[in-house]
Amino acid sequence: MRLVEIGALSADSDLVLWEASCETISHQISLKLARKEGGLMEIFNSVVASLPRKSDSFRFSAISSKTSWESAHRNLLENLTKTVPVLLENGWKKSPDFQKNSLIDLFSLLEDEDATRIFKMTQESRSITEDDVEDYFSMFDKKFDRLLTYGAPQFENCVRDSPMRQKYANLCVEVLVAVGASVKNAQKITDFLEKQSMKVSKIWMTRIPEIFEKITNFYDYPMMFDVAMALDGFPLRKVFLARRFALQSILEVFIEMAPNTKYKVRERVRQELEKASRFVGYASEMGHDNLLSSFSPKIVSSIEDSKHILEVETIERLRRCGYLENLGAPLDELVRAQIASIREILPHFSAEFVHLALRHFSYDSEVTLASLLSRENLPLELLRLENVELRAGIGSGEWPPLDFTASDEIEKLARADKRAKDEETRKNNETKSASNLFSLAPILSDRPPSPPVDQQAELRAHAEAYRTSVLTKLQKIRADAAGPSSPSEKIAVDAENLVPLATSKKYSALNSLKISEADKVAIRPTYNKYRYETPNDGGNGVYDDEYDDEFDGREFNIERLNQELETSSEEDEAGSSAPPGLSQPPPYQGSRGGRGGRGARGGNRGGAPSADGYTGGHDRQMKEKHKSDIKQRGADRKKRGVY
Numbered sequence: 000m001r002l003v004e005i006g007a008l009s010a011d012s013d014l015v016l017w018e019a020s021c022e023t024i025s026h027q028i029s030l031k032l033a034r035k036e037g038g039l040m041e042i043f044n045s046v047v048a049s050l051p052r053k054s055d056s057f058r059f060s061a062i063s064s065k066t067s068w069e070s071a072h073r074n075l076l077e078n079l080t081k082t083v084p085v086l087l088e089n090g091w092k093k094s095p096d097f098q099k100n101s102l103i104d105l106f107s108l109l110e111d112e113d114a115t116r117i118f119k120m121t122q123e124s125r126s127i128t129e130d131d132v133e134d135y136f137s138m139f140d141k142k143f144d145r146l147l148t149y150g151a152p153q154f155e156n157c158v159r160d161s162p163m164r165q166k167y168a169n170l171c172v173e174v175l176v177a178v179g180a181s182v183k184n185a186q187k188i189t190d191f192l193e194k195q196s197m198k199v200s201k202i203w204m205t206r207i208p209e210i211f212e213k214i215t216n217f218y219d220y221p222m223m224f225d226v227a228m229a230l231d232g233f234p235l236r237k238v239f240l241a242r243r244f245a246l247q248s249i250l251e252v253f254i255e256m257a258p259n260t261k262y263k264v265r266e267r268v269r270q271e272l273e274k275a276s277r278f279v280g281y282a283s284e285m286g287h288d289n290l291l292s293s294f295s296p297k298i299v300s301s302i303e304d305s306k307h308i309l310e311v312e313t314i315e316r317l318r319r320c321g322y323l324e325n326l327g328a329p330l331d332e333l334v335r336a337q338i339a340s341i342r343e344i345l346p347h348f349s350a351e352f353v354h355l356a357l358r359h360f361s362y363d364s365e366v367t368l369a370s371l372l373s374r375e376n377l378p379l380e381l382l383r384l385e386n387v388e389l390r391a392g393i394g395s396g397e398w399p400p401l402d403f404t405a406s407d408e409i410e411k412l413a414r415a416d417k418r419a420k421d422e423e424t425r426k427n428n429e430t431k432s433a434s435n436l437f438s439l440a441p442i443l444s445d446r447p448p449s450p451p452v453d454q455q456a457e458l459r460a461h462a463e464a465y466r467t468s469v470l471t472k473l474q475k476i477r478a479d480a481a482g483p484s485s486p487s488e489k490i491a492v493d494a495e496n497l498v499p500l501a502t503s504k505k506y507s508a509l510n511s512l513k514i515s516e517a518d519k520v521a522i523r524p525t526y527n528k529y530r531y532e533t534p535n536d537g538g539n540g541v542y543d544d545e546y547d548d549e550f551d552g553r554e555f556n557i558e559r560l561n562q563e564l565e566t567s568s569e570e571d572e573a574g575s576s577a578p579p580g581l582s583q584p585p586p587y588q589g590s591r592g593g594r595g596g597r598g599a600r601g602g603n604r605g606g607a608p609s610a611d612g613y614t615g616g617h618d619r620q621m622k623e624k625h626k627s628d629i630k631q632r633g634a635d636r637k638k639r640g641v642y
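Numbering (numbering that gives the first Met the number 0), first residue to last: 0 to 642.
What the hints contain is simulated information worked out from the structure, not anything from laboratory work. Note that beta-carbon positions come from the ideal geometry of N, C-alpha and C, so glycine has one too. There may be inaccurate statements among the hints.
[What the hints assert, rightly or not] Within a straight-line C-alpha distance of at most 20 Å, the following computed EDC-like cross-link-like pairs (lysine to aspartate or glutamate) qualify: (1) 187 to 133; (2) 65 to 88; (3) 472 to 231; (4) 263 to 144.
[Said to hold, decoys possible] With beta-carbon atoms standing in for the labels, derived distance ranges: (5) 216 to 374: 40 to 50 Å; (6) 69 to 163: 17 to 27 Å; (7) 166 to 59: 42 to 52 Å; (8) 274 to 97: 36 to 46 Å; (9) 270 to 26: 32 to 42 Å; (10) 216 to 293: 49 to 59 Å.
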């Protein structure tokens with residue numbers, strides 16, 4: 000029996016089912032240990048693979064929210080630990096259900112005391128060797144590299160109205176949480192094995208800057224809104240928390256493990272840090288300049304370039320969200336007074352920076368002033384722009400602004416609706432079920448419930464308006480990315496309105512294929528030439544006559560019937576004085592080859608046309624058209640015995 004898995008965004012009903020599964024498996028382990036039955040290895044592998052660790056803050060925080068769930072987790076882990084001595088005594092690697100890495104994975108679940116006790120048992124039985132540890136981390140390196148190939152690519156390629164869209168949105172959150180939890184588990188196992196004097200490879204940590212860059216590229220600002228919109232209840236805060244958990248976890252693990260790297264691993268880390276990247280910029284903003292510079296003096300210039308990249312990206316995001324509109328010069332008198340009062344106390348801050356801080360803290364001047372003084376509650380993006388010259392600009396507003404208060408209210412309403420539907424379903428099932436004489440069902444009151452007092456109507460209205468705004472802006476982003484697709488759009492070229500041909504096979508076939516935007520841009524000059532019609536085209540500029548006789552040196556003469564054909568000397572002289580670059584067409588030959596030719600047995604059937612005036616047009620077409628007929632007649636004659 001396998002343990003029921005819970006997701007990163009699990010509901011209470013999922014946790015109740017998981018608790019029952021934990022209790023069932025704990026009972027099974029106790030029975031098998033008491034009766035000395037087999038099947039413990041299969042249960043061990045299943046539980047180790049799916050039991051939440053403390054490093055997974057999403058799942059473990061959900062389990063810790065209720066005493067019974069936490070107790071079920073603890074009891075299952077204790078029973079699982081009891082199976083290890085029995086499995087080691089019976090021969091760990093001799094079991095038919097043996098899995099190579101499950102025993103090493105167990106160390107990420109246990110505390111140091113229990114892990115040390117079990118490790119000593121494995122050394123006595125030679126169940127874990129240095130080769131096993133090396134294979135474990137080489138396999139982890141491959142899994143870590145493939146982790147980001149799931150989630151975001153499938154979600155972006157999924158059709159908007161597809162039922163699989165919500166599944167892929169959940170997968171995006173699972174991937175982000177798995178990245179953060181897996182690096183923490185690997186760090187815990189590495190530190191534990193090093194304390195036990197075992198050689199451990201740290202080559203997997205050299206991929207951390209690359210993984211950090213991929214996460215920031217795949218899961219950008221609009222992508223987070225799109226994922227949250229596809230999930231039930233619009234959990235925007237949790238989606239952004241999953242992204243922050245992944246980035247923060249891999250950054251912390253790298254900072255803690257990098258100073259102890261040696262030889263090949265340290266050289267690869269140095270090469271990664273010398274590249275300007277978001278990872279280097281974030282590490283510098285967290286105050287780790289000295290650690291980064293200890294790898295190479297060249298990293299100092301990389302730090303400056305990385306910080307500049309982050310500043311430019313932050314300003315662009317604020318502009319697209321509309322935060323730079325009227326920055327430093329608000330239209331409201333009250334806001335201008337707030338900016339002036341804060342600058343009297345903190346004159347070294349610009350009016351634009353103070354206005355931006357006020358917008359972040361919802362125009363609460365006291366909280367803004369306290370945050371600017373302590374600097375502990377300031378977000379990283381505000382600290383990044385502290386020494387940057389900000390200018391007011393026209394905010395495009397194409398990206399929705401962050402409003403976690405509204406998104407939390409939307410999620411709360413969605414959960415309340417789900418609970419109400421579940422309760423209604425339960426009551427309907429109780430009504431339809433047959434009632435016994437002695438029913439154990441609870442007695443429900445017949446009195447209708449009093450209507451609830453809605454004290455948050457304004458907050459709910461704001462939340463619904465925010466959700467509608469986010470949906471509208473996301474649709475506009477997708478439409479802009481897709482480009483113009485209307486077949487009747489008009490483009491002004493040379494003072495004429497050019498309309499794309501609706502029946503253009505080349506253009507319609509191009510739209511039906513999945514061609515990237517870069518390829519479309521590259522071939523656009525080619526198909527645009529034939530995409531539009533103008534009144535003055537007339538076919539000019541396009542050579543479409545396959546049998547053109549423009550370069551024929553002889554003229555086509557028409558002679559009267561019953562009159563001898565005479566060849567004038569002038570005509571011969573004109574033919575002999577043809578331009579040297581043009582060759583005369585050869586006389587027509589009735590036989591073009593075939594099976595050895597037929598000239599020796601009677602020659603060609605019928606007279607060959609005269610070479611004078613031959614253009615190679617109509618006769619050539621007729622010959623190609625009736626080529627198969629000639630072959631058919633030849634086959635008929637052969638069948639009748641003519642040949």
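Quick rundown of the hints versus the structure:
Distance restraint check for residue 187 and residue 133: the Cα-Cα separation of roughly 16 Å lies within the 20 Å cut-off, and the hinted pair is therefore satisfied. A threshold of 20 Å between alpha carbons decides the hint, and for residue 65 with residue 88 the separation of about 37 Å lies outside it, so the pair is violated. As the CA atoms of residue 472 and residue 231 are separated by approximately 19 Å, the hinted pair is consistent with the 20 Å bound. With a C-alpha separation of about 19 Å, the suggested pairing of residue 263 with residue 144 holds against the 20 Å cut-off.
In this structure the supplied range 40 to 50 Å is violated for residue 216 paired with residue 374, their Cβ-Cβ distance being about 30 Å. At roughly 34 Å, the beta-carbon separation of residue 69 and residue 163 lies outside the given 17 to 27 Å, and the hint is violated. Between residue 166 and residue 59 the beta carbon distance is about 24 Å. The supplied range of 42 to 52 Å is therefore violated. For residue 274 and residue 97, the Cβ-Cβ distance of about 42 Å falls inside the hinted range of 36 to 46 Å, so the restraint holds.
The beta-carbon spacing between residue 270 and residue 26, approximately 53 Å, falls outside the hinted interval of 32 to 42 Å. Between residue 216 and residue 293 the beta carbons are some 28 Å apart, a value that contradicts the proposed interval 49 to 59 Å.
Violated hints, in rising order: 2, 5, 6, 7, 9, 10; the structure is consistent with all others.
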